[in-house]
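Novice: If you're matching them up, the sequences are chains F and E in order.
Mind the numbering: the first sequence is residues 1 to 312 in the working numbering, read in order.
Mind the numbering: the second sequence is residues 1 to 292 in the working numbering, read in order.
Among the clues, some could well be false.
[Unchecked claim] Listed below are the simulated DSS-like cross-link pairs for lysine-lysine, each with C-alpha atoms no more than 25 Å apart in a straight line:
id, chain 1, residue 1, chain 2, residue 2
1, E, LYS271, F, LYS13
2, E, LYS150, E, LYS138
3, E, LYS145, F, LYS239
4, E, LYS111, F, LYS13
5, E, LYS145, F, LYS13
6, E, LYS111, F, LYS298
Source of the hints: derived by calculation from the structure; they are not laboratory data.
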Amino acid sequence: MPWKDRYTISDEKSIVDSAITWPDGKRCCFRVVVDLSPACGPDGIEPADLATPDAYYGMNGGLAALVGMLDRYHIKATFAVPAVIAEIQADKLRRLAGEGHEIAAHGFKHEDVSKLDKDDERKRLARTTEIIARAVGQRPAGWFSLARPGDKFAGGAISPNTVDLLLEGGYEYFGNGLADDAPHYWVSDFASRRAILTLPYYYHFDDQFFLLFPRKGTGLENPDSLFRNWKAELDAQYKRGRHFSMVLHPHAIGWPNRLHMLGQFLDHARALPELWYATSVDCAQHWSGTFPAATHLKLEASIWQDYPGSLN
Amino acid sequence: MDTAITNDLDQDLAALKAKAADYGARHKVIERVEWPQDVRLAVNFTADFDTMLLRRLLNEPPQQLAKGEFGGRVGIWRLIELFDSHDIKATIFTPGRICELYPDSLRAAAKSGHEIADHMWEHRVPKEPELERDHLRKTIAAIEKTVGRKPVGTRSNHSRELLLEHGYIYVSEDSMDHQPNWLSAPDGSKPILNLPFHYAIDDAMFFSFAWLGSDNSAQRMMDPDHVEEIWWRMFEQCYRDGGYMNICMHPFVSGRALRIAMLDRLINRMKALPGVWFPTCEQVARHIIGAR
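In isolation and in its complexed conformation, chain E is listed as follows (with noise of 0.2 Å):
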């Protein structure tokens, strides 16, 4: 049988305490952010922008290709509708290659107050740094062009110090914590700040049919009331301890009707107490960097 058992026991010990360390020192949570005045609690609306991109990445077949196009035909022009009639300024995360596809609907969202952040060149980071560095730079010169700024944010695994070094600010891509966090080498240098979201406060977990591969008998196909109650527990819980929560939905997911109905019944849930902040992830980030 092949197995990766050895019988060097310290030798064990010594790679994982070393593996455990170098990771917690690379990430330190925020124990508490000063809000604004009034401030609660703050709530980023992010909406990756897929639509086909990842799809046809995977080389998907024709249909699937179609089921990500709603978001940017549909989705995204209803979730710019929903945000603005409450007045929320939400931070749309998109890949650069969607500039060419869809730039009215970024436009348009850019016009309305709402961040328009990296979300990759083409939904993948290359493994070859050079490549990356490459897709990273077209990415920016593309959101550039459509909306006039360069994005500060990015949802990805870009690498930290390539990030740095061309003025983003933070990412918003991995979870260690609930509360906002810093990413940096083992020495605490370079860091950069990191916007937590969940998988379980993400739509596509709850209603893209086949989502990461998932196989037929593990779809979780649920309905809009049943999905708004377990983000509703989220934010009551984030509420009641003040800190930060972060909805990830995808247009060609949120902006079904039904969904949009839904979202507008949580915003108005979440509307009706005092203290919630409904900034983009940008101005979450530069506060908390401002007060540091």
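Chain F with its partners taken away, still in its complex shape (with noise of 0.2 Å):
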């Protein structure tokens, strides 16, 4: 077995709270993320999920009332885009790229890819960068692969080959993973430390998961936690000095009484002093320059063995 292959994707301990630094001496870093995919099933975005009144909210509506409450703060966030949302809705990215905010790839329809073949997905992603710098003029640095509602973990879906077609494909960083609360190395091969720099994500802080989840109808409303969950997780990361991201879906925030919410809690980040607003592209750059995978990626020999009678 190669090294800690499916068991660990990165090295074995995270850097310390007191190493990290921030651009211009600032405290900690404060991302917003956007989800532009519209509610769909593991085949990604099919034609009926893009009929529906909150497909259509989460582009009209929803989304002007987001980028409304992002600009009353002066916030630029990271839009993750599918492919065929940019070529649909092309005048609007551009809008948004133009007013300084980041387009980032969220897969060709945000399918799941976990059991494609390394091929099929090849082509999927290089299509899928090529139609979104077309659409926007600036090909994307990021890539997401973030949970749809009715995924079995909420994690979000790639594939054993995702990472190194990331690198292969040019990408500077991965946009949600779990293994850190800071930025981090995802290893895709062990013995060149080939890796990929990983922006953190957790679901607490998605607003999908506490707005109607998982659907209108069955889930309970519940923006209080989501409230705290922030607020708590974002007192907590800036006395430490790391790093605090949130993902939000304009068809779920938009929607008044959660907006009214988010904006108490931007409030309470604006009375945070030392906080640097990022956009994702932003953050990646200042961590692959600060601690670049050269000297910050400590993999270790490992001791790891293979026993009969035990997992391999």
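Fit chain to chain and form the complex, with the hints in mind.
Specialist: Here's what the structure looks like:
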């Protein structure tokens, strides 16, 4: 068995709080990711998924409400966009990019790639990069694979080849990793130390799981719980001098009762004087430049063994 | 229609009475533990150091493994730091194979005086007796090699007699009572102490998506304030009655920054009251066994 393959994706211990620095002497990174995929199943966005009130609201009224709120706080966000949405909504995305927001890739149509063979996944990835680059006028630097509401696990699905294909496709970062709450390196080959910078994600800071989840008519509305999770994490990370990120879905957070709560949270954030508001690509570039894998990815020789009668 | 219902009612009665009597005879609650002088309540902070191993065992996808990995890379270190800052001695139940993945953290925990105990070889107890024995021995050897001391307790369903044979003095697994209790053969022989924990005082119940196969409409996505109050109510009543409380944590869950902050608040609230003892499970077990 190669190294700790299929057990771990990175080194044995995370960077300690005191070693982390942010630009301009800021204390903690603050990052907002907006998921522009409508609710869909594991096959990705189907025509019917675009003909729903929520999908319409998410690209129109909900999006406008959210962008208005972000503007009020001068926050530039990262929009994670499936290629098919970029194709359909090119005008809106160009406008967002022109206003300083980042447009990142979010799959061809937010499909589950975990069972695809490598060549198929490679083709979809290349096509996605090309479509978004053409729609926005600039190729995406980052790739997201966020969870769909019906997924069994809330972490988002990737395949065993995804990380290698992202590196091959020229991506600077992968946007949603769960092995750390600071940027870290996702290793795809331990022998050659091949790795991609990965930005942290955690489902407790993702609005979709608290707002009528899994769907209208079945889930409970828990905006207070979402607010308390955001606030508790931001306060704790600010104290540590680390990193905070949240994921928002315009079709969910744009609705006025929820937008009001988001405003209260952003008021709280604004009271913290040393936050560095960054897009994902800004955060990734700072991290790669300050804590490059060559010096900061510490892969020690493994003492892991295979045993008869055990997992291998 | 398939049914297990038969019309032999006497046989039903006899079978059910026998089973209830057998289960009852295997369990004995300690009505009142006499703690050391001035101690009113013993609180065990326990951490199940599964990290990604259970996820791997269940063959879950890469993102799930990474979610568990947080426990080994980040969470365990924060828990050690938290307990040390409060001079609390905790118990870390570790699968034997984790000794090969995160040895430094286990050595650091042991160095701070925390107990390193058994949580199975790879988070399962094999049904085959010989393989079960093999797994238990591998775990003992791995822990001894890593921290220099054999485990004396386990959080598992390993067979009681096998555990006793290997020098174990307690288990911390089931919740047939909120007080410590004895597990034994039906005639009361070969007892082992159980230090119970309850699933409502377990971080994963509230914070871990898809825990134990729960489906999406059954997610219990809560926030730290809410859980702090549930756990504080438990503590208040235990404190009033005097007795025992076990808080079960997982480094990949409680090691998240927002929850470390919550545990810090909770510990401060507990410490503000006189007579609260924060020992390891082994210390509790040795005290109870010594007073027997």
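Novice: Give a verdict on every hint.
Specialist: Hint-by-hint comparison with the structure:
no., hint, in the structure
1, E/LYS271 <-> F/LYS13, "violated, 31 Å"
2, E/LYS150 <-> E/LYS138, "holds, 11 Å"
3, E/LYS145 <-> F/LYS239, "violated, 37 Å"
4, E/LYS111 <-> F/LYS13, "holds, 17 Å"
5, E/LYS145 <-> F/LYS13, "holds, 21 Å"
6, E/LYS111 <-> F/LYS298, "holds, 23 Å"
Against the hints set out earlier in the document, violations occur for numbers 1 and 3.
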